[in-house]
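Trainee: Under this note's numbering, the residue at position 449 of the first sequence is numbered 655, and the numbers go up by one with no gaps.
Read the hints as simulated data drawn from the structure, not as lab findings. What you are looking at is a predicted structure, and each value in this text was computed from that prediction instead of being measured. Honestly, I wouldn't trust all of these hints.
Claimed, not checked - Simulated DEER-style distance windows between Cβ atoms: (1) Ala592 <-> Met303: 58 to 64 Å; (2) Tyr424 <-> Asn494: 55 to 61 Å; (3) Leu679 <-> Lys624: 38 to 44 Å; (4) Leu352 <-> Asp760: 38 to 44 Å; (5) Asp419 <-> Asp760: 47 to 53 Å; (6) Gln530 <-> Arg281: 32 to 38 Å; (7) Glu362 <-> Lys552: 32 to 38 Å; (8) Leu352 <-> Ala293: 29 to 35 Å; (9) Glu413 <-> Arg443: 31 to 37 Å; (10) Arg593 <-> Gln530: 58 to 64 Å; (11) Gly342 <-> Tyr424: 29 to 35 Å.
Idealized CB from N, CA, C, for every residue including glycine.
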Amino acid sequence: MLVHNADVADIFNRFADLLEIDGANPFRVRAYRNAARTIASLGQNATDMVRKGKDLTELPGIGKDLAQKIEEIVRTGSLSQLKELEAHIPGQLARLMKMPGLGPKRVRALHERLGISTLEELKMAAEKGKISQLRGFGDKIEQMVLEEIGQVKKGERIKLVVAEEIGNALVDHLKKVEGVKEVEVAGSYRRRKETVADLDILVTCTEDARVMDPFVNYENVVKVLSQGETRSSVELRSGIQVDLRVVAEESYGAALHYFTGSKAHNIAIRTLGVKKGLKINEYGVFRNKKRIAGTREEEVFQSVGLPFIEPELRENWGEIEAAQRGQLPKLIAMKDIRGDFHTHTKATDGHNSLEEMAEAARALGYEYLAVTDHSQKVTMAHGFDARRLAQRIKEIDRLNAKLKGIILLKSIELDILKDGSLDLPDEILKELDLTVCSVHYHFNLARKDQTERIIRAMDNPYFSILAHPTGRLINQREPYDVDMELLIDAARERGVFLELNAHPDRLDLSDAHTKMAKEKGVRVAISTDAHRTTDLDFMHFGVGQARRGWLERDDVINTRRWEDVKKLLKRK
DNA sequence: GCCGTTTTCGGCCCGACTGTTTTCAGTCG
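Whenever a hint applies, use it, and build me the whole structure from the sequences.
Mentor: Here it is, written out as structure tokens:
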């Protein structure tokens, strides 16, 4: 049985929910939630780690007890203690906590005093007006239950590209408000997480500025969830929640740090503060009620003896320890990018010509562009056979003679067939500058077969870059089952590269796998998979993801001049 | 349940807003 990390995390979260309703020590509850987050964002499969005999207690927040529980879940697919707990607390109660306004205490009261354990029973009680009778409840909560019961939020996170569009429009709106100075979207958006749950916007303004009214009256607001002097929350038409915080200018840095998160990072920083006798909150850094810092974000880090930590690193994944050792990575930036290795034209499923793509790349300041139209296996996209590829090579030669300031590279996106062979013969591949190779069919092979298939493809001497290594589409298609650790090892042994696909629907490698590739010494190509000229702008999403994976300029091959990339592409 | 240069017990981040209250608990981020 293969237990996925998401399953382990789910069991821990359910256990934490029920413990909370049971009134357990809140820190114990937190330990389970922390563990769930750690496991969910792990680069490797927990099942594999157990099988390979790795010490799980080395993971942050995992001690002896939780390590044993993970092993039990991996072995049996379930957790006996969860079943025991469910014997006296109905598991369905956890779902009630998804209702706004209902937390563990109120859910417990509903269960103990009205015998409610399901959403259906909750609905019936609300309809009969029983809920508002309970001490600690009232009409508002009963009303909210009736309104929300049909639509318990799915809680789907939105893609970064959508958040960017919504956030930019809202920032423009707020910047027009009189007296407003700084407006910044913080939260997981600023950390460039691949999806975000909500938007956190931070504003500084003059004392007499009225920001909350224009915010809650923004044209796309469908619901005001709360409104106060310094904080308000709204829901937009798109379903996303936006929180606005207004802070004084002197608190801007502390607030920016606080609202950028992650929560785990903030807790770790504040704990460091406590050890130094400091209190850190969104208003500043305090020693004995005296405010000693907080105007700039750097000051927060300084106060606990650390250098500035880039937002993308703030996940408590080791960045604080790295900062303490003076070993923070110098993260790659957009300006380091010199080209794009994965793009398409209208010759297959793209929308622009070769020349238009080249011009667009040059306009971005790139030095080279690899146009990688599909190969014959992908019939849907009119993939190239050897004859058309030979024509394409000549066409590129002609264009390169004409083009100035940009080099078009001869390339193709090859299909990795079920048996691990590539779908065009070596005789034509040897004429190319590089290849990107990808899986488009047979997504549901067994883990071992999928892994071996891809490694076999890497054995081909003309294999250069493994494109979108897991095939996942965010919120749409799960990754195919593959042992990424083995793939990364295989890539290093063969001197090939992994793509970090920058398309915002893919962002494949994940942040954790990107970090793993770096730790194992495998270099990455950040590529957009552009199907039209404007898609070349996706590069910044890829760079964001690369930064989350701790990549520096030298870890990324398309930060190099083409002459230097060529040397790297030579197989060992 | 985790964790450790105030260590193996006793801590564990911090504040805003809401609803239900007469001073605060619960929820949320």
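Trainee: Against the structure shown, which of the earlier numbered hints fail to hold, in ascending order?
Mentor: 2, 3 and 4
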